[in-house]
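As a plain string of letters, each chain reads:
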Amino acid sequence: MLYDFLYLAQQTINALQQGSIYALIALGYSMVYGVLTMINFAHGDLFMLGAFACMLLAGALAPLFVTFPPFLLFLVVLLLVMAIIGFLGAFIERVAYRPLRGAPRVSAIITALGCGLLIESLTLVAFPYSKSMPTLMRNTTFELAKVADPSGTGAPLTLTITALQIVIIVVSLVLMVALDFLIRKTRWGMAMRAISFDARTVPLMGIPANRIISMTFLIGAGLGGAAGMLYGLAYPVIAPSMGILVGWKAFIAAVVGGIGSIRGAVLGGFILGAVEVLAVVVLPSTYRDLICYSLLLVILIFKPYGLLGHAPNQKV
Amino acid sequence: MNAFLTQAAKARWPLPALVILGFAIAILSQYQPIFSGYTQIILITIGINIILCASLNLVNGYMGEFSVGHAGFMSLGAYTSAVFTTKWLPDIPMLFPVAVIFGGMIAAIIGFLLALLSFKTRGDYLAIITLAFLMIVKSTWENITYVGGPAGLLGVNKMTTLPWTLFWVVVTILVIRNLIYSKFGRAIIAIREDEIAANAMGVRVREAKILAFVVSSFFGGVAGALYAHLNFINPKYFDIVKSTEILVMVYLGGVSSLGGSILGAVIFTVLFNKLEPLGYWRMAILSAMLIALMLFRPRGIMGMRELTWLLPKRELFPKGVVEKP
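Same order as they appear, the protein sequences are chains A and B. Note that the first sequence covers residues 1 to 316 in the working numbering. Note that the second sequence covers residues 1 to 325 in the working numbering.
Calculated from the structure, these hints are not laboratory results. Model, not experiment: these values are computed from the prediction. There could be a bad hint or two in this list.
To be verified - Only pairs whose alpha carbons sit at most 35 Å apart, straight line, appear in this in silico DSBU-like list of lysine-lysine: (1) B/Lys242 <-> B/Lys274; (2) B/Lys87 <-> A/Lys303; (3) B/Lys158 <-> A/Lys303; (4) B/Lys242 <-> B/Lys120; (5) A/Lys303 <-> B/Lys274; (6) B/Lys87 <-> B/Lys158; (7) B/Lys236 <-> B/Lys158; (8) B/Lys120 <-> B/Lys274; (9) B/Lys274 <-> B/Lys158; (10) A/Lys131 <-> B/Lys158; (11) B/Lys236 <-> B/Lys183; (12) B/Lys87 <-> B/Lys236; (13) A/Lys303 <-> B/Lys313; (14) B/Lys10 <-> B/Lys236; (15) A/Lys131 <-> A/Lys303; (16) A/Lys131 <-> B/Lys10; (17) B/Lys87 <-> A/Lys131; (18) B/Lys183 <-> B/Lys274; (19) B/Lys242 <-> B/Lys158; (20) B/Lys10 <-> B/Lys313.
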């Protein structure tokens with residue numbers, strides 16, 4: 001009984017780690033969709049760039065921070081990565097998406113696909129082989145509990161949590177709460193919600209729509225960059241292809257939660273993390289993607305607008 | 001000479017003449033070394049890409065939806081036809097066309113089921129459902145040992161020849177052309193322009209969408225079957241990157257234009273192969289090209305225009321009559 005409970009607790013910790021990374025990326029997809037009703041297919045590649053930026057920055061800054069506690073280095077790198085990737089996201093919007101705002105919607109989606117491909121192939125040019133991430137902090141493993149195998153034959157089961165897992169979960173939660181506060185309580189957030197409610201009327205009310213949209217891309221991409229850094233620290237071999245592999249899955253998370261909904265993206269991210277971890281417990285790991293995407297199909301059949309999304313009113 | 005060319009551009013005879021000439025050269029090339037092996041493979045690849053492009057254009061261009069799952073239909077056609085020719089009825093070259101049709105049929109059936117699911121809700125969800133479909137198909141092949149699992153299916157005979165490819169290109173273009181200029185074609189174009197208005201005018205929106213999607217997936221499967229009997233197949237090939245390549249070809253050539261699809265497939269395939277020595281720069285150049293094209297010509301090179309030769313006779317207007325905008 002206790003053994004099973006511990007096993008479940010261990011898987012929950014793993015699922016939380018995985019889910020919080022997915023949730024952070026999904027937020028970027030969902031925010032952009034909410035404001036522009038556009039799927040930003042370049043977002044996964046911004047996530048990937050976050051990991052690479054972290055690798056480069058950590059390598060460059062590490063000698064300067066020898067005398068400081070390692071957590072300071074982590075914080076500085078995190079903020080820098082978020083700023084760089086955030087401005088890159090806003091830049092892409094300015095150069096590639098804004099000129100197409102009047103064009104057919106598909107043109108913007110194709111441009112986004114093109115931007116994603118461009119980022120990925122340029123990263124491949126710079127780093128043709130997968131790179132290993134430097135360790136930013138000492139990764140202590142904390143042993144929370146230990147139980148002997150009830151059958152008496154196997155090794156005892158220990159419930160562990162690593163410092164890195166704690167950092168990943170805490171940093172993601174802090175970012176999510178901050179975002180929720182920004183969107184619900186500040187004037188910027190109110191303007192964002194207003195644009196997603198009615199993009200045509202809002203500029204008439206004197207709200208600088210373009211600035212708000214740039215801001216949305218900046219925040220969304222910044223969160224994606226932070227997710228890339230956390231992912232890179234958790235799975236320290238990074239490659240340009242992870243933008244596609246992880247990015248598309250986070251997109252699924254955003255859709256499951258209800259694309260356009262901020263809380264939905266977080267919910268979707270954690271659900272996806274839980275499903276991935278549980279799927280590997282029950283079935284061989286090669287079935288993981290099969291189960292994730294089948295789950296998406298099933299959810300979309302019964303709830304076409306996602307768990308927390310709502311059907312848009314169609315105006316004739 | 002110039003006058004001859006202008007006249008030929010407007011006349012009806014050049015297209016059948018070109019097709020017959022093409023078949024003559026293609027059949028002759030099987031017995032005489034007209035093309036090198038490399039050129040032949042490039043030509044067949046161009047043909048397969050034209051089929052993929054034209055069929056995807058039916059959904060993404062004429063119907064105005066956004067499907068990203070075409071590589072999934074391609075892999076369905078590739079695997080089922082390859083299983084047909086290697087495991088069920090092996091070593092009977094006569095049955096190759098049957099295998100190709102079989103691959104297309106399986107893709108069409110799955111396409112039908114997918115269309116039933118996806119056209120319940122608004123446009124964006126097709127993109128999401130086809131994405132999920134693509135991943136599910138790829139993951140399924142990876143987990144079935146009967147078709148070789150992640151290593152891919154081995155021992156497929158190289159039966160795709162230039163005449164067969166040309167035959168299927170002609171069939172695809174003809175079927176899709178006739179479909180678009182039929183009553184049904186008007187219906188899907190009306191759906192693209194305004195779904196609610198089309199519905200109000202008596203278009204059966206869901207039926208028209210499902211039919212277009214099924215036709216598109218059938219030819220996706222056919223292209224896959226042709227591909228399977230030319231190259232080595234492996235689940236990883238038919239992933240989102242392949243779908244993106246097809247999308248790039250469609251939007252490069254131009255939406256709602258079969259001439260554009262042909263042009264896009266030719267330009268993309270030739271560039272893709274010519275730029276091979278550039279390594280990873282190749283994809284960077286192609287994607288930068290795509291972005292620039294979208295910014296300056298959002299509908300692609302031949303977007304919303306058609307090659308005059310491909311238009312049916314009644315769509316051509318005699319001199320003095322104002323052309324349709």
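Against the structure, the hints:
no.: 1; hint: B/Lys242 <-> B/Lys274; verdict: holds, 18 Å
no.: 2; hint: B/Lys87 <-> A/Lys303; verdict: violated, 41 Å
no.: 3; hint: B/Lys158 <-> A/Lys303; verdict: violated, 45 Å
no.: 4; hint: B/Lys242 <-> B/Lys120; verdict: holds, 27 Å
no.: 5; hint: A/Lys303 <-> B/Lys274; verdict: violated, 47 Å
no.: 6; hint: B/Lys87 <-> B/Lys158; verdict: holds, 15 Å
no.: 7; hint: B/Lys236 <-> B/Lys158; verdict: holds, 20 Å
no.: 8; hint: B/Lys120 <-> B/Lys274; verdict: violated, 43 Å
no.: 9; hint: B/Lys274 <-> B/Lys158; verdict: holds, 24 Å
no.: 10; hint: A/Lys131 <-> B/Lys158; verdict: violated, 39 Å
no.: 11; hint: B/Lys236 <-> B/Lys183; verdict: violated, 39 Å
no.: 12; hint: B/Lys87 <-> B/Lys236; verdict: holds, 22 Å
no.: 13; hint: A/Lys303 <-> B/Lys313; verdict: violated, 47 Å
no.: 14; hint: B/Lys10 <-> B/Lys236; verdict: violated, 45 Å
no.: 15; hint: A/Lys131 <-> A/Lys303; verdict: violated, 40 Å
no.: 16; hint: A/Lys131 <-> B/Lys10; verdict: violated, 58 Å
no.: 17; hint: B/Lys87 <-> A/Lys131; verdict: violated, 42 Å
no.: 18; hint: B/Lys183 <-> B/Lys274; verdict: violated, 42 Å
no.: 19; hint: B/Lys242 <-> B/Lys158; verdict: holds, 21 Å
no.: 20; hint: B/Lys10 <-> B/Lys313; verdict: holds, 11 Å
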